[in-house]
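Student: The lines below spell out each chain.
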Amino acid sequence: MEVIAPLAVGAPLMAAAVIAATGSLLPRLAADLVAVAVAAATCVLCVLLLAQSSGGATVVWFGGWHPQDGVAIGVDFAVDGIGAGLAAFIAALTTAALVFSARFLEAEEAHLHVLILVFAAGMVGFCLSGDLFNMFVFFELASVGAFALAGYKVRERQAVEGSLNFAVTNSIGSFLLLTGIALVYGRTGALNLAQAGQAFAHAPADGLVVVAFALIAAGFLVKAAIVPFHFWLPDAYAVALTPACLLFSGAMSELGLYGLGRVYFTVFSGPLGSHREALEAILIGAGVLTALLGATMALLQDHLKRLLAFATVSYMGIFLIGLGTLGAAGVAATAIYVIGDGCAKAALFACVGIVQHRLGGVTQRRLFARGLRIRRTGALFALGGLLLASLPPSGPFLGKSMLDDSLIAANYGWVVAVVVACSMLTGGAVLLAAARVFGGLGTHPTGDRFSEEEGGEPEVEGSRNRTPAVMAWPAVALAAASIAVGLVPGIDRAATAAADRFVDQPTYAREVMSGQRVAVPSVSAPPLRAIDWPLGVASVLGAVGVAAIALRRSRSTGSLAAVADQLDRPLTAIRALHSGHVGDYVAWLVAGAALLGGLVALAAS
Amino acid sequence: MTPRARLAVFALAAVGLAALLVWGLAGLPRFGDYEGRYGRIIARDTVPQRKATDAVGVTTFDYRGIDTLGEEFILLVSVVGVMALLRAHREETDESRARAQELERIRKAPLPSESLTLLGQTLAPIVLVLGIYVVAHGHLTPGGGFQGGVVLAAALLVLYLTTGRTAFRRLRAVAAFEAVEALGALGYALIGVGGLIAGAQFLHNFIPHGHSGLLTGGTVPLANVSVGFAVAGAIATLLSEMLDQDLLRSRGGR
Amino acid sequence: MSFLPYAVAAWLFLVGVWGIVTSRNLIHLVVCLTVVQASTYIVLLGIGYRTDAAAPIFADIPTSTPTVDPVVQALTLTDVVVEATVVALLLALAIQAERRFGTLDPNELGALRG
Numbered sequence: 001m002e003v004i005a006p007l008a009v010g011a012p013l014m015a016a017a018v019i020a021a022t023g024s025l026l027p028r029l030a031a032d033l034v035a036v037a038v039a040a041a042t043c044v045l046c047v048l049l050l051a052q053s054s055g056g057a058t059v060v061w062f063g064g065w066h067p068q069d070g071v072a073i074g075v076d077f078a079v080d081g082i083g084a085g086l087a088a089f090i091a092a093l094t095t096a097a098l099v100f101s102a103r104f105l106e107a108e109e110a111h112l113h114v115l116i117l118v119f120a121a122g123m124v125g126f127c128l129s130g131d132l133f134n135m136f137v138f139f140e141l142a143s144v145g146a147f148a149l150a151g152y153k154v155r156e157r158q159a160v161e162g163s164l165n166f167a168v169t170n171s172i173g174s175f176l177l178l179t180g181i182a183l184v185y186g187r188t189g190a191l192n193l194a195q196a197g198q199a200f201a202h203a204p205a206d207g208l209v210v211v212a213f214a215l216i217a218a219g220f221l222v223k224a225a226i227v228p229f230h231f232w233l234p235d236a237y238a239v240a241l242t243p244a245c246l247l248f249s250g251a252m253s254e255l256g257l258y259g260l261g262r263v264y265f266t267v268f269s270g271p272l273g274s275h276r277e278a279l280e281a282i283l284i285g286a287g288v289l290t291a292l293l294g295a296t297m298a299l300l301q302d303h304l305k306r307l308l309a310f311a312t313v314s315y316m317g318i319f320l321i322g323l324g325t326l327g328a329a330g331v332a333a334t335a336i337y338v339i340g341d342g343c344a345k346a347a348l349f350a351c352v353g354i355v356q357h358r359l360g361g362v363t364q365r366r367l368f369a370r371g372l373r374i375r376r377t378g379a380l381f382a383l384g385g386l387l388l389a390s391l392p393p394s395g396p397f398l399g400k401s402m403l404d405d406s407l408i409a410a411n412y413g414w415v416v417a418v419v420v421a422c423s424m425l426t427g428g429a430v431l432l433a434a435a436r437v438f439g440g441l442g443t444h445p446t447g448d449r450f451s452e453e454e455g456g457e458p459e460v461e462g463s464r465n466r467t468p469a470v471m472a473w474p475a476v477a478l479a480a481a482s483i484a485v486g487l488v489p490g491i492d493r494a495a496t497a498a499a500d501r502f503v504d505q506p507t508y509a510r511e512v513m514s515g516q517r518v519a520v521p522s523v524s525a526p527p528l529r530a531i532d533w534p535l536g537v538a539s540v541l542g543a544v545g546v547a548a549i550a551l552r553r554s555r556s557t558g559s560l561a562a563v564a565d566q567l568d569r570p571l572t573a574i575r576a577l578h579s580g581h582v583g584d585y586v587a588w589l590v591a592g593a594a595l596l597g598g599l600v601a602l603a604a605s
Numbered sequence: 001m002t003p004r005a006r007l008a009v010f011a012l013a014a015v016g017l018a019a020l021l022v023w024g025l026a027g028l029p030r031f032g033d034y035e036g037r038y039g040r041i042i043a044r045d046t047v048p049q050r051k052a053t054d055a056v057g058v059t060t061f062d063y064r065g066i067d068t069l070g071e072e073f074i075l076l077v078s079v080v081g082v083m084a085l086l087r088a089h090r091e092e093t094d095e096s097r098a099r100a101q102e103l104e105r106i107r108k109a110p111l112p113s114e115s116l117t118l119l120g121q122t123l124a125p126i127v128l129v130l131g132i133y134v135v136a137h138g139h140l141t142p143g144g145g146f147q148g149g150v151v152l153a154a155a156l157l158v159l160y161l162t163t164g165r166t167a168f169r170r171l172r173a174v175a176a177f178e179a180v181e182a183l184g185a186l187g188y189a190l191i192g193v194g195g196l197i198a199g200a201q202f203l204h205n206f207i208p209h210g211h212s213g214l215l216t217g218g219t220v221p222l223a224n225v226s227v228g229f230a231v232a233g234a235i236a237t238l239l240s241e242m243l244d245q246d247l248l249r250s251r252g253g254r
Numbered sequence: 001m002s003f004l005p006y007a008v009a010a011w012l013f014l015v016g017v018w019g020i021v022t023s024r025n026l027i028h029l030v031v032c033l034t035v036v037q038a039s040t041y042i043v044l045l046g047i048g049y050r051t052d053a054a055a056p057i058f059a060d061i062p063t064s065t066p067t068v069d070p071v072v073q074a075l076t077l078t079d080v081v082v083e084a085t086v087v088a089l090l091l092a093l094a095i096q097a098e099r100r101f102g103t104l105d106p107n108e109l110g111a112l113r114g
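Residue numbers (my numbering), protein chains in the order written: chain A, 1 to 605; chain B, 1 to 254; chain C, 1 to 114.
Since the hints were derived computationally from the structure, they do not count as laboratory data. Incorrect hints may appear among the rest.
Covered by chain A, per the in silico footprint, the following chain B stretches (three or more residues, Cβ under 8 Å) [claimed, not checked]:
no. : region
1   : 31 to 44
2   : 57 to 65
3   : 175 to 185
4   : 231 to 242
Calculated from the model, a selection of chain C residues having no Cβ within reach of chain A, i.e. all distances over 10 Å [to be verified]:
no. : residue
5   : VAL31
6   : ALA55
7   : ASN107
Please read these numbers as outputs of a predicted model, since none were measured by experiment. C-beta atoms are modelled at their ideal positions from N, C-alpha and C, and glycine is treated no differently.
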């Protein structure tokens, strides 16, 4: 269908332009309705694309410029299952975020709607695109929208600082990405993914190929917040408006990993394919480091949003582990895990938004025991924590189990222990916060030298004694969606079939360059191993255990001293590294890029 | 980290990154020997297919038009973002007291000399015409919507610099600029949809291409005009917003 | 000699990032970011250059004249706009930082730690 894919990006853009043009002339309700309707329509379009993808990739050449003699002279959208699925998920989260923001005070001049719609359009375009530079443009579109959304609560100092850190680090990441794209163009004369992949298919992995891949990977990994590119994420997510946090946590970071996977499999799998094992080791290693760091830091946080931000970092590490197996099984597992976990994290952020509205605070030391009034929100929050710990039989459980299976099959069985540990720690961190805030359990936390400033401003209009329906329903719906993802029959089969196509470079090139659609053969997904169910239950029990231990033994949230004395100094040192200073972050970014390049060079030698 | 530690980490990292960059860039074809077929095909086909002589302009608006759509909307989101980020500054100051203070400040501020004002008032229309020329001829000679739009907005800046703040205050119509910008962006998207309606693809160049001269290139000159509006509106909005900060300036504190 | 443009691009990138890392003023930091941006322009344009070729404007030259690559020029144009918008947003943030924190020194903004 030549109409659906362009409209999936064009409709939110045009709606945003109309809302921006009419500005304050438009009554608030009209702007809300238009925005929600357009977001929902985009979701429907993307679901249609997903349904079509079983017949092969949908390729749309803009302006009618089909390839001539094997040279792509126009820009295309090449939509396959994974791309369409991620786009549909993004559009659904956008609808939820727009509904959630309906009562937000800050949206008076409809700027918020414009920003969210354009942000969503950029992300959807990125998922659907088949051209390197076009991907860069949509990536930047989403990023600029994100910078504005992060700094939106401009009366708070932390928002200004967080947004600055976000913008500077991500811009430098984009420059690295662009330099890598330029290198690919210089060698192959192609910006189209399929054409570049064909040009590289039998080329050796020389200096240019290695450096191009390293730079592109570094650019994407900055967005995906992998250590040591991750420092900006907690700062930005802790200060953004709650609807923006829904989108950031659920979809934006995952975009970086999608980009890495897409570019690797379509362009670089030829020359770098023979060095696969070394590359797997690098990616999985980075993922393990990120997962552990994120999970540990999450447990030490007092500020609820910052806690969830570090949980996001941890999950990005886990998703990179799945992608890093460089195989279809890992990609399929990551796809399901992203959706299941994304919904859970979005639901958690929504709960924090409700807490901010009802109780006027966002740190555990200020909210201690005050959540007893809003027990239903507390129950939802705790459910979110259990979902993070991969409660069977939910979406995260399915994703995690598939991931564990793919790791065992790829001879990385020891990484399963890391994944289980991180889900225990992140789930435990959320349960700990839930117990303190909503249950009044444990001792009242006192501050330490890292205590966060509160953002005191009310975000939402209306009485503080009720939770508006537009805030409560998205939270419930997202949590329900997270559970439902695991229960949809055949979803693992569909994901595996789509992942098989995602990693298949020759078929992608053929479909794009010669216009033949190749139907995706249906596969049978391997059933979950017997060990997955006990692992899931163990994760949940472990999370509860972590929360219980931490409750009983720590005086202030920042110190795990009672749990492990030896850990206190290194943990404090790591916390101090997250200094909020943009120069520090950029220095680590450059170090990470150099390290990544060096490792890839070693892998390819 | 202490500044010294930060610099040490960076220095080490920069050595590594420099080595990587040099190694990668050395793999490029020799400077001046670029052989890519993509560019050659476009350079060969621009005039026969579109009758427009500026290959770069036609690439931007026709062959790779979807990139430009994204680019236009980046401009829109950036302008909306800047307006959102600077809005609190306006709301915070107590309205009537601020206005009185501001008028007082404007009255006391020294006016620019009359010759400067005369120069500005002469220059601004010339700059405006130049901007319109650059926008209109974007498909024939170097230029186009982006470049021309910035020149158009520069006319506004010339007026600010030379006519003093009172006159500038009167010219500032931020809502109008923002509307112009958004309409320009919308216009470009609608051209894309026009291609769809004409039975072909999104952003298809569906207008007849003409033979030579100004009315060639199909949708390219239209796109140039729409982008020109969008960019002029955007830069004018940004200028107004940021120069407004100067007018409303008061020392902020912790 | 033929590596000079690319060497300049690499140098600009690193110098710009050094400026950001050691910056003591947010406006200076944003301008250093534009220096980093400039390095990407040079890489792109350097790639597309052909010796003794004309500019890809056929208004007064025959269409068969060899020209430099128009595609990288279009890419650079897009790149310039994209990065200018990021700078605009960062400057707005710098204005707000001065208002909220009373200073433009990155070393003094200490609201987010741990």
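Student: At 10 Å, judged by beta carbons, does VAL31 of chain C keep clear of chain A as stated?
Tutor: Fine: 12 Å to the nearest Cβ keeps VAL31 of chain C off the interface.
Student: Hey, is ASN107 of chain C genuinely clear of chain A, shortest beta carbon separation above 10 Å?
Tutor: violated, 7 Å
Student: Can you tell me if the region 31 to 44 of chain B counts as covered by chain A, using C-beta to C-beta distances under 8 Å and a minimum of three residues?
Tutor: Holds: 8 residues of the region 31 to 44 of chain B have a Cβ under 8 Å from chain A.
Student: With a C-beta cutoff of 8 Å, work out whether three or more residues of the region 231 to 242 of chain B approach chain A closely enough for the coverage to hold.
Tutor: violated (count 0)
Student: Counting residues of the region 57 to 65 of chain B that have a beta-carbon nearer than 8 Å to any beta-carbon of chain A, does the count reach 3?
Tutor: holds (count 4)
Student: Taking the closest pair, is the beta carbon of ALA55 of chain C still more than 10 Å from chain A?
Tutor: Correct as stated: the minimum Cβ-Cβ distance to chain A is 19 Å, above 10 Å.
Student: Holds or violated: the region 175 to 185 of chain B covered by chain A, criterion of 3 or more residues with Cβ-Cβ distance under 8 Å?
Tutor: Since 7 is at least three, the answer is holds.
Consistency note: the structure conflicts with the earlier hints numbered 4, 7.
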